[in-house]
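S.K.: Here the protein sequences come in this chain order: U and F.
Residues in the first sequence are numbered consecutively from 1, following this note's numbering.
Residues in the second sequence are numbered consecutively from 1, following this note's numbering.
I should point out that these hints are in silico values taken from the structure, not numbers from a laboratory.
Misleading hints may appear alongside valid ones.
[What the hints assert, rightly or not] Pairwise CB distance ranges, derived in the manner of DEER restraints:
id: 1; chain 1: F; residue 1: D48; chain 2: U; residue 2: D247; range: 50 to 56 Å
id: 2; chain 1: F; residue 1: E195; chain 2: U; residue 2: G101; range: 20 to 26 Å
id: 3; chain 1: U; residue 1: S182; chain 2: F; residue 2: E262; range: 26 to 32 Å
id: 4; chain 1: F; residue 1: E88; chain 2: U; residue 2: Q30; range: 39 to 45 Å
id: 5; chain 1: F; residue 1: E266; chain 2: U; residue 2: E195; range: 35 to 41 Å
id: 6; chain 1: F; residue 1: K85; chain 2: U; residue 2: T2; range: 25 to 31 Å
id: 7; chain 1: U; residue 1: H31; chain 2: F; residue 2: D48; range: 32 to 38 Å
[To be verified] Sample of chain U residues facing chain F (criterion: CB under 7 Å; computed from the structure):
id: 8; residue: C35
id: 9; residue: E36
id: 10; residue: P38
id: 11; residue: F40
id: 12; residue: I100
id: 13; residue: M106
id: 14; residue: T110
id: 15; residue: Y125
id: 16; residue: M126
id: 17; residue: P138
id: 18; residue: T148
id: 19; residue: N150
id: 20; residue: S220
Every residue, glycine too, gets a C-beta built ideally from N, C-alpha and C.
2 protein chains.
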Amino acid sequence: MTSEQLFQQIQKKRSFLCVGLDTDVTKIPQHLLACENPVFEFNRQIIDATADYTIAYKPNLAFYETQGAEGWITLEKTVNYIREKYPEIFIIADAKRGDIGNTSKMYAQTFFEKMNFDSITVSPYMGSDSVTPFFGYPGKWVIILALTSNAGADDFQQTVDKEKGIKLFENVLQKSQEWGTSESLMYVVGATRAEMLTNVRKIVPEHFLLIPGVGAQGGSLADVAKYGFNAKCGLIVNSSRAIIYADKTEKFAEVAREKALEVQQEMSELLAQYEVVK
Amino acid sequence: MTSEQLFQQIQKKRSFLCVGLDTDVTKIPQHLLACENPVFEFNRQIIDATADYTIAYKPNLAFYETQGAEGWITLEKTVNYIREKYPEIFIIADAKRGDIGNTSKMYAQTFFEKMNFDSITVSPYMGSDSVTPFFGYPGKWVIILALTSNAGADDFQQTVDKEKGIKLFENVLQKSQEWGTSESLMYVVGATRAEMLTNVRKIVPEHFLLIPGVGAQGGSLADVAKYGFNAKCGLIVNSSRAIIYADKTEKFAEVAREKALEVQQEMSELLAQYEVVK
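Please build the complete structure, drawing on both the sequences and the hints.
M.R.: Put into structure tokens, the structure is as follows:
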């Protein structure tokens with residue numbers, strides 16, 4: 001998928017919402033446990049209920065791996081379901097992988113070729129050769145962790161480089177531009193610190209940013225839009241628990257749709273307010 | 001497993017060798033492809049051939065994930081096989097995971113409870129709450145990436161913190177000691193820069209270090225011992241390709257055993273030379 005195709009979807013749906021499929025079998029409605037594959041059935045209903053308002057889905061690998069082999073089958077079924085029924089929707093493997101070159105190459109093959117994801121989140125700690133093998137798949141995207149939304153993010157990401165005088169996450173933004181372009185590379189930037197998006201935008205004005213931390217993790221959508229928008233939106237904002245676990249009865253999908261619609265409406269207003277979508 | 005049990009094994013086998021099970025179905029001997037599960041059959045024969053000289057096995061998750069659900073079954077079978085036949089051997093999930101707290105907690109459950117690994121490699125980029133959920137499993141270990149052996153390691157790990165005047169990998173070593181002890185925490189330190197082990201040992205004198213990069217990735221075992229040994233060895237040195245792919249005929253396991261023996265003999269001499277094992 002190109003950035004232009006992603007922007008077209010944003011314009012059409014007036015939304016930049018990503019729904020995180022952090023599907024935990026202990027948290028889904030009880031009645032689904034009678035299904036052959038409860039997690040897939042939950043995902044299927046959530047996807048059908050929210051696809052009108054959603055430009056991306058982001059399964060979090062941890063929630064599938066915890067089911068072992070069965071989890072991988074569920075993950076594959078989920079990706080295939082989105083791919084076939086909603087081919088315009090962007091699919092993110094939230095896997096936070098990253099290893100030496102030949103190992104990262106295998107991860108790239110797994111997630112891009114075998115599993116057919118559009119993108120994968122990658123940790124930058126091991127540097128260039130841990131990230132570059134994920135490039136070279138036209139239309140596929142690498143989403144590098146820059147500034148995350150968790151408490152521990154301050155431990156290292158905010159440390160200042162003595163030589164360059166910039167923070168580690170800024171160094172990651174700067175250095176990684178040698179590896180990919182705004183047509184193959186996005187960044188994770190936490191919404192709990194929306195004001196920092198101003199600094200981020202100085203370094204990467206054109207790149208799409210994946211913003212976790214709106215919803216259950218806190219963070220204001222209005223602030224994210226204010227500091228993060230570029231001319232082509234440039235934002236994918238994720239919400240997981242606040243949408244998928246909004247209700248735990250047989251009406252869960254209906255309520256998830258309502259929650260997604262609420263977010264989409266706020267996004268639509270922000271897109272209009274900042275004249276990103278006319 | 002306690003550090004004392006690990007040291008007992010080192011004394012008994014006069015070895016600190018870890019064999020990396022980076023099993024690639026395209027690189028294993030052709031005749032195994034007729035087996036029901038060629039990767040497991042390869043692992044089984046490698047394990048039986050090398051267990052006398054090996055204190056740890058380290059499956060690299062990327063090589064299993066690339067086979068999807070089938071790969072997870074192979075991984076589980078491999079861990080169970082080692083666990084049942086060689087219960088004294090330390091098993092490392094080379095997974096390089098790390099995510100926000102509730103997600104890391106799921107990874108910990110997967111690798112420590114469901115899969116029964118002794119340890120997992122973890123990326124420190126996201127800080128404290130991405131790592132701490134892996135603690136709290138007595139006898140299980142977290143192996144944090146500090147200084148890796150790949151070319152890209154210099155991109156960020158060697159940058160100097162303006163405030164503390166130390167490098168990022170040193171900051172990781174220092175900070176992470178607030179999260180775990182030398183009884184629950186180890187570090188990855190690349191062997192391609194053995195002289196840096198002197199600095200590492202100043203910060204973490206007692207911790208075990210997992211050293212990749214001996215063998216196909218380069219790095220001298222004598223230097224690693226010289227700069228890295230502590231009174232209880234404190235080193236687990238990994239070799240993958242140089243042992244498991246030393247031969248590609250029907251004799252592959254026999255040749256792997258010979259290669260492992262060669263490394264064990266060198267290790268035995270170094271353990272004696274530095275009086276780590278009397």
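S.K.: Each hint should be assessed against the structure and marked as holding or not.
M.R.: Hints and how they fare:
Restraint check, F:D48 to U:D247: a C-beta distance of roughly 53 Å satisfies the suggested window 50 to 56 Å. F:E195 and U:G101 have their C-beta atoms about 23 Å apart, which keeps the hinted 20 to 26 Å range intact. Range check, U:S182 to F:E262: about 50 Å between beta-carbon atoms, so the 26 to 32 Å window is missed. In this structure the supplied range 39 to 45 Å holds for F:E88 paired with U:Q30, their Cβ-Cβ distance being about 44 Å.
The given range of 35 to 41 Å is broken by F:E266 and U:E195, whose C-beta atoms sit roughly 56 Å from each other. One distance hint, 25 to 31 Å for the beta-carbon pair F:K85 and U:T2, is violated here, with the actual separation near 52 Å. Between U:H31 and F:D48, the C-beta spacing of about 48 Å breaks the proposed range 32 to 38 Å. Residue-level restraint check for U:C35 is violated (minimum Cβ-Cβ distance to chain F is 19 Å; threshold 7 Å).
Interface restraint check: U:E36 against chain F, minimum CB-CB distance 15 Å, threshold 7 Å, status violated. At its closest, the beta carbon of U:P38 sits 17 Å from a beta carbon of chain F; the interface hint therefore is violated under the 7 Å criterion. Restraint check, U:F40 versus chain F: the minimum CB separation of about 13 Å is more than 7 Å; hint violated. Checking U:I100 against chain F by beta carbon gives a least distance of about 4 Å; that is within 7 Å, so the hint holds.
For U:M106, the interface hint holds, since its Cβ comes within 7 Å of a Cβ in chain F; the closest pair sits about 4 Å apart. With its C-beta approaching chain F no nearer than about 5 Å, U:T110 sits inside the 7 Å limit, and its interface hint holds. Look at U:Y125: its Cβ gets to within about 4 Å of chain F, closer than 7 Å, so that hint holds up. With a cut of 7 Å, the hint placing U:M126 at the interface with chain F holds, because the nearest CB-to-CB distance is about 5 Å.
For U:P138, the interface hint is violated, since its Cβ never comes within 7 Å of a Cβ in chain F; the closest pair sits about 21 Å apart. Because the smallest distance between the Cβ of U:T148 and any Cβ of chain F comes to about 5 Å, under 7 Å, the interface hint for this residue holds. Here the hint on U:N150 is kept, as its CB sits about 4 Å from the closest CB of chain F, short of 7 Å. Among the interface hints, the one on U:S220 is violated; its C-beta lies about 19 Å from the nearest C-beta in chain F, farther than the 7 Å criterion.
Violated hints, listed in ascending order, are 3, 5, 6, 7, 8, 9, 10, 11, 17 and 20; each of the other numbered hints is respected by the structure.
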